[in-house]
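Keeping their order, the protein sequence lines are chains G and U. The letter at position 273 of the first sequence is residue 273 when you use the working numbering, and the numbering goes up by one with no holes. The letter at position 143 of the second sequence is residue 143 when you use the working numbering, and the numbering goes up by one with no holes.
Just so you know, the hints here were simulated from the structure itself, not pulled from any lab data. Hints are supplied without guarantee of correctness; some may be wrong.
[Claimed, not checked] Per the computed footprint, the stretches of chain G lying under chain U, defined by three or more beta-carbons under 8 Å from a beta-carbon of chain U, are:
1. 189–197
2. 205–216
3. 223–230
4. 283–291
[What the hints assert, rightly or not] Which chain G residues stay away from chain U? Per the calculated CB distances, all over 10 Å, these:
5. 84
6. 165
7. 260
8. 264
9. 314
Computed from a predicted model, the values in this text were never measured in an experiment. Backbone N, C-alpha and C fix where the C-beta goes; we use that ideal spot for every residue, glycine too.
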Amino acid sequence: MSAGSHDAKALVEVEDLRVWFPTRRAPTAERRGYIKAVDGVAFTVRQGETLGLVGESGCGKTTTARAILKLLEPTEGRIMFDGVDLSTVSGRDLRLLRRRMQPVFQDPFASLNPKRTVARIVAEPLAIHRQGTRAQRRERVAELLDTVGLPPDAAGRFPHAFSGGQRQRIAIARAMALRPDLIVADEPVSSLDVSIRAQILNLMSDLQQEFRLTYVVIAHDLALVRQVTDRVAVMYLGNIVELRSTEDLYRRPLHPYTVALLSAVPIPDTEAEATRQRIVLEGDVPSPADPPSGCRFHTRCWLRRKLDNPDICSGETPPLTPIEDGGGAVACHFPDEVRTSSERRETLVTIGSR
Amino acid sequence: MKTPVAESRSEAASPGPDRPVLSVRDLDVTFRARSPVLAVRGVSYDLAAGEHVGLVGESGSGKSAGALALVRLLPDYADVSGTVMLDGADLLRLNERELRAVRGDQVGIVYQDPFSSLNPVLTIGKQLTEVLSKHKGLRARAARREAARLLETVGVPNAEERISDHPHQFSGGMRQRAVIAMAVAPRPALLIADEPTTALDVTVQAQILELLQELTSEHGTTMLLITHDLGVVAGVTQRLMVMYGGRIVEASTTEDVFARPAHPYTVALHRSLPRIDARQERLVTIEGQPPDPTRPIEGCPFAPRCPSRIDRCTVENPPLMTLPTARRATTAGWELPTISERDGNPVPGPASPHLTACWNPPLPEARSAGAGGAG
């Protein structure tokens, strides 16, 4: 969506975030019974930008988003929203902060109360935060419905009367009701039909420009992420493995996992599909209850195998390190080897060319 | 339209090189309800031996209902009519016992959600050996050996041990591998894969697509791949059928449909897709909604959303027609074929030309623009 300028100030700062969920069974003694959904994640979200959080299931992207919204408490680490430490606020201050950050969920069939009219659903945040009189709220609802492209008579109807795309518009209207600064959208279009997705993505882009919104968009669809984000954090098993500007990530990926992800995405083009080389990763994502030692990706890493399994990969966790030329950061012991690999070259022949 | 296929029933011969493995004619599926849902409206096509054919459409397009109807796996409140000829028999007219023999033996099925197609209380091995003893007549010990071998073929590591696991102990990708092992074990002539990778992560999706390719090519199995994802079919299929509003609206080789889409819906769908290999300034949207399946459609199902709609589109449903390449006018648009000029009712099949159900198919320039994305 709109490009956040590089020196824009940070709206959200996430510092060494860890979210562990206790489990009853302990896989090994030293890792007694925790699912380490997010395990040491740091990034900032700049005012006006769209940051994408991508990764496969279990990578911690949704947990990270929930922590930003203070829908769950971090086990360790700190989240700052506009300079305020979220863990220190409560009561009235927290309510005031909450107005400024709103979620949009994946499934608009589950996120809208079927027994309430659209007017009541959209006005609910206003009612909870005691904004305006009844008449003022009604007026605001009409304004919001218009903003998201729904007819005025939608207000009196119930969610079941609307299609998936229209329901997501209702959910977006509700998120916009309190004039937030930040919208955290978790897979906002993945439950919608392909022909409807573009409508919603364009709407989100328009709203961002008009209301100077900051977005955190969580998605597994890498094609969509290229379209809508300014920067991307690629997550794997609770860690960020690469954090780059969107164009850098898609044109000059530096983590072997990113390269594999990019190479795995099917392209709706027979010519591209016929000529491309695909890196097929072996196996599944390991369990976050018992993550691999060292670099968490090492058990599936194509580069490690190619380099004849260096000890450091399984022995030491690579920190997220700033990249010298150009912005961003990568967490790999061998970024130069990624840079010069034929695997990356082949992947970029198909996806980085345009 | 049923006669030519119905006649071949008596011969009951195995499909030759030019005889289709599967012949579907005039398939209608209606779900009975207070307002009946017309899910599939008059679908016909042929599949040849060893072909990989994609059936693409959005939810509600009828792609899944149409495929499940082939082996009568729809609930009781679904009315199915038409003919589905497989190996000389009309599947829609078999009794339940005959049908059970066909499912599995001749037609294997892989669903979207591998968890729902496995029995949660039985071990993977038990479920596999059941298939093997039923369809291949193997005895207990032989079946178990074969089950382990199959699991290994589909890429389950430590198959010997994992065979005693229950489905919940398998990851999503491994479960789908087990389901595929079961579906291909009896060496069916036809494999129906209904969104086989939709529930999986992208790196696992790549593995499963590769596996399906490998196994079907190895045994010359015909595969009908049902998906909403144009990316998935691009690399895996030779032919495509695009469904919209319960009908096939375009059919040709996969290459043709991508390079020269000939239906306004296909063109629009292409343009609205975000692509990993290019960032568009702004996504092109398809305004409006898919048609309401509870209402009869007058004219073309895509007409209300179609940018190249002409008067005829709203009153008369365009049947599948051969793309009139020879009769192309240079700038004024297509010279439209009259009904009498149409070459019968062409049916999508291995040798059929590019077919489109459109009275005003997109001009070649527009078509190549649609395929090229933002290039």
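The hints, checked one at a time:
no., hint, in the structure
1, 189–197, "holds (count 5)"
2, 205–216, "violated (count 1)"
3, 223–230, "holds (count 5)"
4, 283–291, "holds (count 3)"
5, 84, "34 Å, holds"
6, 165, "7 Å, violated"
7, 260, "6 Å, violated"
8, 264, "4 Å, violated"
9, 314, "18 Å, holds"
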